[in-house]
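> Numbering (my numbering), first residue to last: 777 to 1095.
These are computed hints drawn from the structure, not numbers from a lab. All C-beta atoms in this analysis are idealised placements derived from N, C-alpha and C, irrespective of residue type, glycine included. A few of these clues could be false.
[Claimed, not checked] Capping the alpha-carbon separation at 30 Å, the derived lysine-lysine pairs in DSS-like fashion look like this: (1) Lys781 to Lys796; (2) Lys817 to Lys781; (3) Lys796 to Lys785; (4) Lys817 to Lys788; (5) Lys817 to Lys796.
[Said to hold, decoys possible] Cβ pair distances, simulated, as ranges: (6) Asn931 to Asn911: 46 to 56 Å; (7) Tyr786 to Thr944: 39 to 49 Å; (8) Glu1070 to Thr942: 13 to 23 Å; (9) His929 to Asn809: 26 to 36 Å; (10) Ala852 to His940: 26 to 36 Å; (11) Leu793 to Ala822: 14 to 24 Å.
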Amino acid sequence: MPAYKSIRKYEKVGAMLGIKSPFFRAIGGRVGNACIIDGRKVVNFAWCDYLGLNQHPSLAAAAAAATDEYGTCVSASRLVAGETLLHAELEREIASFLGVEEALLFVSGHAANVSTISTVVGDGDLIVHDEFVHNSAVLGARLSGAAVRTFSHNNLEALENILHETRTAYQNVLIIVEGLYSTEGDVPDLSRLIELKQRFGAWLMVDDAHGLGILGATGRGCAEHCGIEPKSVDIWMGTLSKTLASCGGFIAGSHALVDVLRYAAPGFVYSVGLPPAMTAAALAALRVMKAEPERVERLRANGRFFLREAASAGLNTRY
């Protein structure tokens, strides 16, 4: 198997250079600002628990209570017999928090993107996405059967040119961007994206997995940060595994969108429902975030402090 040979090759080169693999390092204890690796306490810069909610006692209490009430697993697809009141409650609160009509939970953020993209578009349609969108969006586009074009990162002139050249050749066009690019630290011009999608009669999908809890005065994400009406974006994607300190993903948008996904998205229909403990933990995290908005400002203050110190040390952060 070629992939296996490549992995072994990298391991051998690392061993020859005396470099220990940084991957799959087991962490001891609860993940936090610091963690234990190989018996040594180290500062953790690699996690995505942006607001520190993984340490909040209300999340553990909510997860334990949900397990006591529902058990460890719902044991079926939600379409059949795996629906719980917790699922609906979390979906309502996510939709309300984001300012859209409905939301739908998936057992993983990756599955949310793959299933949604491959459900809403197909043969005869076109997907145009930023070159730096997540692997799940790229894979969803590939599996959809739609034609795919990419534009250079945040280059909306390039996007406009693609739409101008191709729009009339396809039935539906889906534009995909991220609300906050985790590897670049930048955001798209949502106002202009909305103008483009309206002018060309396209749909706009924003993967805001890293924006929730970070962007906007109250952590509502890219829409709040950019000052746009959330319903102007057709499809919002988010995750429960970062700011909300749980596991899973969600899609948010119109009633029509969620209805289609509820009955037709493979990653939802053919997967067991989100475990009660994870659902309850995410719900508790969302409520803490709303009740303690100072966490968002504290995160920003930490970011500003880091950038100042990095600059004083001569590091080029680009910001």
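> A separate judgement is required for each hint: does it hold in the structure or not?
Status of the hints after comparison with the structure:
The straight-line distance between the Cα atoms of Lys781 and Lys796 is roughly 19 Å, inside the 30 Å bound, and the hint therefore holds. For the suggested pair Lys817 and Lys781, the alpha carbons sit about 34 Å apart, so the restraint of at most 30 Å is broken. Taken as a hint, the Lys796 and Lys785 pair is honoured in the structure, with Cα atoms around 14 Å apart against an allowance of 30 Å. Straight-line distance between C-alpha atoms of Lys817 and Lys788 comes to about 28 Å, which keeps the hinted pair within the 30 Å bound.
As the CA atoms of Lys817 and Lys796 are separated by approximately 18 Å, the hinted pair is consistent with the 30 Å bound. Between Asn931 and Asn911 the beta carbons are some 21 Å apart, a value that contradicts the proposed interval 46 to 56 Å. The hinted range of 39 to 49 Å is satisfied by Tyr786 and Thr944, whose Cβ atoms lie roughly 46 Å apart. Taking 13 to 23 Å as the suggested C-beta distance range, the pair Glu1070 and Thr942 does not conform, at roughly 47 Å.
Separated by about 31 Å at the C-beta atoms, His929 and Asn809 satisfy the suggested range of 26 to 36 Å. Between Ala852 and His940 the CB atoms are about 48 Å apart, so this pair departs from the stated range of 26 to 36 Å. Leu793 and Ala822 have their C-beta atoms about 22 Å apart, which keeps the hinted 14 to 24 Å range intact.
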